[in-house]
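My request is simple: use the sequences and hints to build the entire structure.
When we follow our numbering, the leftmost residue of the sequence shown carries the number 151, and every step to the right adds one.
FYI, nobody ran anything at the bench for these hints, they're computed from the structure. Among the hints, a few may not be true.
Derived CB-CB ranges, DEER-like [what the hints assert, rightly or not]: (1) K320 - R241: 37 to 43 Å; (2) N224 - K312: 35 to 41 Å; (3) D290 - V213: 28 to 34 Å; (4) I275 - S316: 18 to 24 Å; (5) N287 - T186: 35 to 41 Å; (6) K312 - K244: 17 to 23 Å; (7) N181 - P216: 16 to 22 Å; (8) Q183 - D319: 16 to 22 Å; (9) N327 - D198: 31 to 37 Å; (10) Q162 - D258: 29 to 35 Å; (11) K312 - M218: 36 to 42 Å.
In this text, all values refer to a predicted model and were calculated from it rather than measured experimentally. Glycine included, every Cβ here is placed at the ideal spot set by N, Cα and C.
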Amino acid sequence: FNDNLSIEKYNQFHSLVLKELLRVSKIVFYNIQIVTGSKRSIFKMIGDFNEQLKDIIVWDKGVAQPAMQKQVLNRQTEFILIFETDYPISRQFKYANFERGTLNDLWDIKRDISTNKNHNATFPINLIRKILINFTNENDIIYDPFMGTGTTAIASLIEKRKFIGSEIDKDYTDFANNRVLNYKSQTKLF
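Below is the structure:
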């Protein structure tokens, strides 16, 4: 898989993924980082899906990655776009567990050290857990269309959710499956 796509193909790919996610789920969390190649597409997606876009969380990763070019801001944040199919005109979430005034739209969650030397763009497990705790219930089914090294799967197990994941890279799939098996067979608390 080559993610070095033109803006049109990048937008087409992510728009198709979002349409399918919104078809099968009432609430979708879509993490995306603004970089040179994705900036226009992200803003277009926000416009194209404005009816379902409930809110945007800004994830502060704690450390900015150095820009690859001169005169470009270092990127320390990523967006988590939250889409909900029910009650789209309101900012009020139909599917949420947090109390009024207790959850902000800026999440300061440091990146974890990657569990896989070949995959440096892994999510911190606490980011996924925060989403699960505040927007899902025990035994809900969580779907991650880009499972990678299995962080969503592990967070789902910790928070007593079921999970389904898709991944096109066999090495990541094998790594994620082993990670889940190791977690399930763990006899000590970590």
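Hint check:
At roughly 41 Å, the beta-carbon separation of K320 and R241 lies within the given 37 to 43 Å, and the hint holds. The given range of 35 to 41 Å is respected by N224 and K312, whose C-beta atoms sit roughly 38 Å from each other. For D290 and V213, the Cβ-Cβ distance of about 32 Å falls inside the hinted range of 28 to 34 Å, so the restraint holds. Take I275 and S316: their Cβ atoms lie about 19 Å apart, and the range 18 to 24 Å holds.
Remark: the range hint 35 to 41 Å for N287 to T186 is upheld by a beta-carbon distance near 39 Å. In this structure the hint that K312 and K244 lie 17 to 23 Å apart at CB holds, the actual value being about 21 Å. Checked against the hint of 16 to 22 Å, the pair N181 and P216 passes, with Cβ atoms roughly 21 Å apart. Restraint check, Q183 to D319: a C-beta distance of roughly 19 Å satisfies the suggested window 16 to 22 Å.
Between N327 and D198 the beta carbons are some 35 Å apart, a value that agrees with the proposed interval 31 to 37 Å. About 33 Å separates the C-beta atoms of Q162 and D258, a value consistent with the hinted range of 29 to 35 Å. Between K312 and M218, the C-beta spacing of about 39 Å keeps the proposed range 36 to 42 Å intact.
Violation of the numbered hints given earlier is absent; every hint is satisfied by the structure.
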